[in-house]
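S.K.: Make the full structure from the sequences, and use the hints.
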Amino acid sequence: MGRNLYQKVWDDHVVRQLDNGQYQLFIALHLIHEVTSPQAFGMLADKKLKVAYPARTFATVDHIIPTDNQSRPLADDMAEKMIQVLSDATSEHGIEYFPPSSGAQGIVHVVGPELGLTQPGMTICCGDSHTSTHGAFGCIALGIGTSQVRDVLASQTLAMDPLKVRRITVTGKLATGVTAKDVILHIIATLGVNGGVGFAYEYAGPVIENMTMEERMTVCNMSIEGGARCGYINPDETTFEFLRGRERVPSGSDFDQALTRWKGYASDVDAEFDDEVIIDGSRIAPTVTWGVTPGQAISIEGSVPDPEAVSGLDRDLINDALGYMKLKANQPIKGTRINVAFIGSCTNGRLSDFRAVAGLLNGHRIADHVRAIAVPGSEKVDAAARAEGLPEIFEAAGFEWRLPGCSMCLAMNPDKLVGDEVCASSSNRNFQGRQGSPTGRTILMSPIMVAAAAIRGEVADAREVFGLEEIAS
Amino acid sequence: MTGIPIDKINGRAVYVAGNDIDTDRIIPARYLKCVTFDELGPALFYDVRFNEDGTSRNHVLDRPEYAGAEILISDNNFGCGSSREHAPQAIGKFGFKAIIAGSFAEIFHGNCTTLGIPCVVMAQEQRERLAQLLAQDPTLDLTIDLAARQVTCANMIFPVTMKDSVRDAFLAATYDPLDNLLTGREAIDATAERLGYA
Ligand code: SF4
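The listed protein sequences derive, respectively, from chains A and B. The numbering used here puts the last residue of the first sequence at 1710; the count rises by one with no breaks. The numbering used here puts the last residue of the second sequence at 230; the count rises by one with no breaks.
Just so you know, the hints here were simulated from the structure itself, not pulled from any lab data. Fair warning: this is a prediction, and the values are worked out from it, not measured in the lab. Treat the hints with care, since some could be wrong.
Stated by the list, open to error - Chain A is nowhere near these chain B residues, computed Cβ spacing over 10 Å in every case:
1. Ile36
2. Gly73
3. Thr87
4. Gly100
5. Lys129
6. Ala167
7. Asp169
8. Cys185
Stated by the list, open to error - Some chain B residues close to chain A (C-beta under 8 Å, calculated; not the full set):
9. Val48
10. Asp56
11. Arg62
12. Leu64
13. Lys65
14. Gly86
15. Asn108
16. Ser115
17. Ser135
18. Gly142
19. Gly148
20. Asp200
21. Leu210
22. Thr223
The beta carbon of each residue, even a glycine, is placed where N, CA and C say it ideally should be.
M.R.: Below, the structure written as structure tokens:
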């Protein structure tokens, strides 16, 4: 019987079984940042422990870094302190650190892949739930809490129970104007925000195979929003071509050797799965959220659900969401007025996202009442975008082009919604208060849909706004 | 660090209703600005407990009859979203010793376990009955018995579930795995060597 990728990577990295039945899993790559990791160094110090494998850990700052002015000391004292604690801890323990202006700083899930630190067959951890992003390369990539960050620092291992694996096959071909973001929002809306609890998701099928690495990262990024602990895609030629020549990827004959190993991790043709789901990719429309979880998503052509159509806790959930979002049952989502547009985050803050939008913005201008920001996911994304003249295109359309960071994805820096503003956002979470105001409202969508909403000043269909051909019926 | 064995949790309880209560709601992101977890208790559920001007919204956690409750009850997919350990830390610092829910998000569940906060799963019908009892009499004491996998309240028994490995870890005081992990140093190094990570 064949094995799937999850089983192969798991088997390879198991150190031993623990007395309580859990397994001790070796972690190949550990990424740390300023919000969930500094406390772990304090825990190590309490126990007088050292970092076991400092060369397997890399640090950057992303969550609280301002995107307008990053000169030190930062205006926010606490943000300054958190960055300082991280920077001191990394130098004390011999951990490589990518600070602002190093040329490599950025959102941790953008930085790992672009440097080539993320490689097929690895176990990867970070104190951030969107670590699932790295699964795009064929990895077991897990978000962990701070105590587990401590465990990995101290032992380079985690205590884990194995997950079940659900294969999600996306068949057919995506219609014009439908992106990777729409695919994952659709999957989450279909399977539910807790549909994946206990599972790793394997994404497969022609739609996934035809995706670029950046698109695959967008899909895997949001696995956690569907309740899955991680998500992955089998490595293939697209993966290997992306990695070839990257800074931290082996070169020459070492690359060929690595390639042979990487190929071996892909799920066997006769691999078994604990569950299988098939999604018809041809029927996915541009998808947007209407509520306060990423699963509360509908087609741009759709209407907000009616709580009267369901019962019990589900009804409460819809009522709660409608009340918070100030939307009415059965109202079309298209035409919902927005105040803010945000393009960025580890879901959609990579070069291809900005390229796709820039390719459409020409001749357009955002609506007068809209505030729009474009925040590159990393310094490398920023540099590449500048080399292509992308910031000028965004600025001509009325966007502000900012410095790299998480920014308005979680609004721990000064980029925040004010009052009950509505934000069309390319990020991954629309939870209540997520974007910095306790009453702020978030509508998740793809970057080109954010651009369309910014231009119209209301939730709009990018296919209509930009005259994309072959409008799906 | 190996802590103390946890087999029974006893105390009053409060029911915070709702499915999909995410960790952003449990602890809003602005409270993540800290280099230790010590101050997080008062910020628990802050934005649903207080208005923007700081006045109380009379959230169930702030009603006098539930003051001092040590067991938190909620519904499905509790703790979804961000992996922030600030969420279970805030719950613990607020004074809760255990959580009963319909289901838990995995990272949150793992974080709670490591911190010694048992998360037990109770079916909806049972939760509704329990919530009803507490609404009638908030002074009722609950006992969560991990070994017996049950909650008792007012002479009634409510079955709960918990994964064997997790339950055993609480009973054997090994819910914080670090000491155990560190004893495997040789095996760890051998694995690193085998995988070319050394
Ligand atoms: S961009 Fe958002 S989701 Fe991604 S790491 Fe930053 S805060 Fe987390």
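S.K.: Hint by hint, note whether the structure agrees.
M.R.: Results for each hint:
1. A cut-off of 10 Å between C-beta atoms confirms that B:Ile36 is not in contact with chain A; the least separation is 16 Å.
2. No beta-carbon of chain A is positioned within 10 Å of the beta-carbon of B:Gly73; the least distance is around 15 Å.
3. The Cβ of B:Thr87 lies farther than 10 Å from every Cβ of chain A, with a closest approach of about 13 Å, so its non-interface assignment holds.
4. No beta-carbon of chain A is positioned within 10 Å of the beta-carbon of B:Gly100; the least distance is around 26 Å.
5. Annotated as non-interface, B:Lys129 keeps its C-beta farther than 10 Å from every C-beta of chain A; the closest such distance is 17 Å.
6. Separation of B:Ala167 from chain A is adequate, the least Cβ-Cβ distance of about 16 Å exceeding the 10 Å criterion.
7. Chain A leaves B:Asp169 outside its interface by the beta-carbon criterion, the shortest separation being 24 Å against a cut-off of 10 Å.
8. Distance to chain A confirms B:Cys185 as a non-interface residue, since its nearest Cβ pair spans about 21 Å, more than 10 Å.
9. Annotation: interface hint on B:Val48 violated; nearest CB of chain A at approximately 13 Å, more than 8 Å.
10. The criterion of a C-beta within 8 Å of any C-beta in chain A is met by B:Asp56, whose closest approach is roughly 4 Å, and the hint holds.
11. With a least beta-carbon distance of about 7 Å to chain A, the hint placing B:Arg62 at the interface is held under the 8 Å criterion.
12. Using the Cβ-Cβ criterion of 8 Å, the hint placing B:Leu64 at the interface with chain A is satisfied: the shortest such distance is roughly 5 Å.
13. For B:Lys65, the suggested interface contact is upheld, since its CB lies about 4 Å from the closest CB of chain A, less than 8 Å.
14. The interface hint given for B:Gly86 is violated, since its Cβ lies 11 Å from the closest Cβ of chain A, which is over the 8 Å cut-off.
15. With 8 Å as the threshold, the beta carbon of B:Asn108 comes within range of chain A, its nearest partner Cβ sitting at about 6 Å, so the hint holds.
16. A hinted interface residue such as B:Ser115 counts as satisfied when its beta carbon comes closer than 8 Å to some beta carbon of chain A; here the least separation is about 4 Å, so the hint holds.
17. Taken as an interface hint, B:Ser135 checks out: its beta carbon lies about 6 Å from the nearest beta carbon of chain A, inside 8 Å.
18. Residue-level restraint check for B:Gly142 holds (minimum Cβ-Cβ distance to chain A is 7 Å; threshold 8 Å).
19. At a threshold of 8 Å, the smallest CB-CB gap from B:Gly148 to chain A is about 10 Å, leaving the interface hint violated.
20. Annotation: interface hint on B:Asp200 holds; nearest CB of chain A at approximately 5 Å, less than 8 Å.
21. The interface hint given for B:Leu210 is met, as the beta carbon of that residue sits about 5 Å from the closest beta carbon of chain A, less than 8 Å.
22. Restraint check, B:Thr223 versus chain A: the minimum CB separation of about 5 Å is within 8 Å; hint holds.
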